[in-house]
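2 protein chains.
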Amino acid sequence: MSPVTIAVDAMSGDRGAAIAVAAAEEAVRENEALSLVLVGSRGELEALLSEPHPRLRIVEATDAVHMHERPSHALRHKQNSSMAVALRLVRDGEAQGCVSAGNTGALMAFGRSLIKMYPGIERPAIVKLIPSLRGRCHVLDLGANVDASAENLYQFAIMGSLMAAAVSGLPEPRLALLNVGEEEIKGNEQVRLASHMLAQCDSLNYIGYVEGSDLFRDVADVVVCDGFVGNIALKTGEGVAAMLMELLEQAFTRSLYGRILGWLARPTLMRLLRTIDPARHNGASLLGLQGVVVKSHGNANERAMLAAIRQSAREVRLEIPRRINEQLDELML
Amino acid sequence: MSPVTIAVDAMSGDRGAAIAVAAAEEAVRENEALSLVLVGSRGELEALLSEPHPRLRIVEATDAVHMHERPSHALRHKQNSSMAVALRLVRDGEAQGCVSAGNTGALMAFGRSLIKMYPGIERPAIVKLIPSLRGRCHVLDLGANVDASAENLYQFAIMGSLMAAAVSGLPEPRLALLNVGEEEIKGNEQVRLASHMLAQCDSLNYIGYVEGSDLFRDVADVVVCDGFVGNIALKTGEGVAAMLMELLEQAFTRSLYGRILGWLARPTLMRLLRTIDPARHNGASLLGLQGVVVKSHGNANERAMLAAIRQSAREVRLEIPRRINEQLDELML
Numbered sequence: 001m002s003p004v005t006i007a008v009d010a011m012s013g014d015r016g017a018a019i020a021v022a023a024a025e026e027a028v029r030e031n032e033a034l035s036l037v038l039v040g041s042r043g044e045l046e047a048l049l050s051e052p053h054p055r056l057r058i059v060e061a062t063d064a065v066h067m068h069e070r071p072s073h074a075l076r077h078k079q080n081s082s083m084a085v086a087l088r089l090v091r092d093g094e095a096q097g098c099v100s101a102g103n104t105g106a107l108m109a110f111g112r113s114l115i116k117m118y119p120g121i122e123r124p125a126i127v128k129l130i131p132s133l134r135g136r137c138h139v140l141d142l143g144a145n146v147d148a149s150a151e152n153l154y155q156f157a158i159m160g161s162l163m164a165a166a167v168s169g170l171p172e173p174r175l176a177l178l179n180v181g182e183e184e185i186k187g188n189e190q191v192r193l194a195s196h197m198l199a200q201c202d203s204l205n206y207i208g209y210v211e212g213s214d215l216f217r218d219v220a221d222v223v224v225c226d227g228f229v230g231n232i233a234l235k236t237g238e239g240v241a242a243m244l245m246e247l248l249e250q251a252f253t254r255s256l257y258g259r260i261l262g263w264l265a266r267p268t269l270m271r272l273l274r275t276i277d278p279a280r281h282n283g284a285s286l287l288g289l290q291g292v293v294v295k296s297h298g299n300a301n302e303r304a305m306l307a308a309i310r311q312s313a314r315e316v317r318l319e320i321p322r323r324i325n326e327q328l329d330e331l332m333l
Numbered sequence: 001m002s003p004v005t006i007a008v009d010a011m012s013g014d015r016g017a018a019i020a021v022a023a024a025e026e027a028v029r030e031n032e033a034l035s036l037v038l039v040g041s042r043g044e045l046e047a048l049l050s051e052p053h054p055r056l057r058i059v060e061a062t063d064a065v066h067m068h069e070r071p072s073h074a075l076r077h078k079q080n081s082s083m084a085v086a087l088r089l090v091r092d093g094e095a096q097g098c099v100s101a102g103n104t105g106a107l108m109a110f111g112r113s114l115i116k117m118y119p120g121i122e123r124p125a126i127v128k129l130i131p132s133l134r135g136r137c138h139v140l141d142l143g144a145n146v147d148a149s150a151e152n153l154y155q156f157a158i159m160g161s162l163m164a165a166a167v168s169g170l171p172e173p174r175l176a177l178l179n180v181g182e183e184e185i186k187g188n189e190q191v192r193l194a195s196h197m198l199a200q201c202d203s204l205n206y207i208g209y210v211e212g213s214d215l216f217r218d219v220a221d222v223v224v225c226d227g228f229v230g231n232i233a234l235k236t237g238e239g240v241a242a243m244l245m246e247l248l249e250q251a252f253t254r255s256l257y258g259r260i261l262g263w264l265a266r267p268t269l270m271r272l273l274r275t276i277d278p279a280r281h282n283g284a285s286l287l288g289l290q291g292v293v294v295k296s297h298g299n300a301n302e303r304a305m306l307a308a309i310r311q312s313a314r315e316v317r318l319e320i321p322r323r324i325n326e327q328l329d330e331l332m333l
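Residue numbers (my numbering), protein chains in the order written: chain F, 1 to 333; chain R, 1 to 333.
Because the hints were derived from the structure by calculation, they are not lab data.
Careful, some of the hints might be misleading.
Some chain R residues well away from chain F (every beta-carbon gap over 12 Å; in silico) [as the list claims (entries may be wrong)]: (1) Ser50; (2) Asp92; (3) Glu122; (4) Ala165; (5) Met332.
Below are the DSSO-like pairs computed for lysine-lysine, each with C-alpha atoms no more than 27 Å apart in a straight line [said to hold, decoys possible]: (6) R:Lys116 / F:Lys186; (7) R:Lys186 / F:Lys116; (8) R:Lys128 / R:Lys186; (9) R:Lys116 / R:Lys128; (10) R:Lys128 / F:Lys186.
To give an idea of the interface, some chain F residues facing chain R are shown, with a C-beta separation under 8 Å as derived from the structure [what the hints assert, rightly or not]: (11) Ser132; (12) Asp147; (13) Gly181; (14) Leu215; (15) Phe216; (16) Leu234; (17) Lys235; (18) Glu238; (19) Leu269.
C-beta: ideal position from N, C-alpha, C; glycine also.
For reference, chain F alone in the conformation it holds in the complex:
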């Protein structure tokens, strides 16, 4: 594999730098082609590193963006934050991708200000690969924008399709718009107009509308919605999954018989858990920037952070930004 360098914003997650450092050490151990740059307080990071590693270096950043800081405030006052420094490493070519578990809005704002967007793309979107029973599905936008015009949705659809093609190797990913199910109220104006625009575009495999429940039924490879809807749908789904896992846990601890059964069934249940474990599916991509920027969940544990680092390395290896850039022209209206 060709060598890949990823900048890791080590200071912005909820759980502190220890998570980022541990994940980074594991990442360079498992992947010999990977080099990482840990960005943050040198003293703190050096103390956390178990030993020096030739493919793990530290770049000092004296400041950090807080989780609840306004993006505009961060942009004005936090140019020396670990987040901004990590993104600048990507801009300057010292790293090819960046991972941050920090404030999404600030990451978005710094991303747009430090790394160029694709020409013609108005807004970046957050995209995530959602696991389902049979396949996987790229869903965007998951919260970069609280509303979206038909034109925005159309652009998200193009970027999402190109990304799905590059990531999953599908020649013609099935593209759909997320909509409500009832026939008579088929979506708001933006969604209907975006649907009309997409139906005109021969280069996209647009299959029409899908409903919330279709996200897990391998009906589409790319599903597009505005960030408000996407964020709420994703979190509702996570809420249901968490509730069911807790119910299952309760079921197998309620009685002695239940506990024995639970013990016997543990390997079976663990396999199930692994399939939907959020840590394994951590990592959302900022799509629209001419560079790989992966957002990790704010309270990611070590395993989840490792998943996000792996994802950014994969996107770099697949040259996602270059491939999207090359094919964007012919698809833009």
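Following the hints, position chain R against chain F.
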């Protein structure tokens, strides 16, 4: 219990009149204070009834609204449909509530045209009681409107609070707006403005924003959103639940050991299944009309249809429309 009469639109569901008739026979059997009016084709309904019952009568309707018919078309051409006739029984006081598994949009349109709305309420909303791990939560709107102004959201919040108080006996139900989690993009303009309006209202126990995952965490008793977001969130949640149940099913059928375990664990898992069984939670209320109108899922089975009939009878007994009407005045801006 005081006697209650419910009109059942027997012809509009996906699965035909047999479901409605079977559910109706069970409903009058289990509840001696309940009378039902089955509305539809007399010949078909009589053939389906296993025997005459003193509290089960048939009212003829010569037509039916199709599942994919436009509401405006239904309103113009289907005044003799089982749906319209059932609602007219409520309007005329021959029934106190109505249940239909038909086309939501048409039910909404007929409901608005045949039954008065509360004074001052601009649009009805669809509300459903969502089960969670610890409590239950009234969520609205679930698809009556694809968009909603701040004023609409405010009115939904009032109606939802009054309904939760009446249904659950909570003196001050915790009221929240559904929003995205990230601080910096706290919702679109409508949500922010509605939040401001609700915060001013001393008679409501407004607790602020909640996220999608909070729907199942007993954080609020009433959660308000527009119908587009609500519909997609609900269906995404249902999709996740269906996927997990299928994964569980697979886990316990994959190997002989798994099958034996599954057989041993069946009672435990069945209890879990019952907790989240959609059939037990079938029935959404059209809120805003001065009458009880319950929408059953289109492809409800007999048990689900029975749940919807029970719900409408409960809402009639609790005099939900009268109670909301009485308290609405002081809460409206």
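**Report entry** Enumerated hints in conflict with the structure, sorted upward
**Finding:** Per hint list: zero violations.
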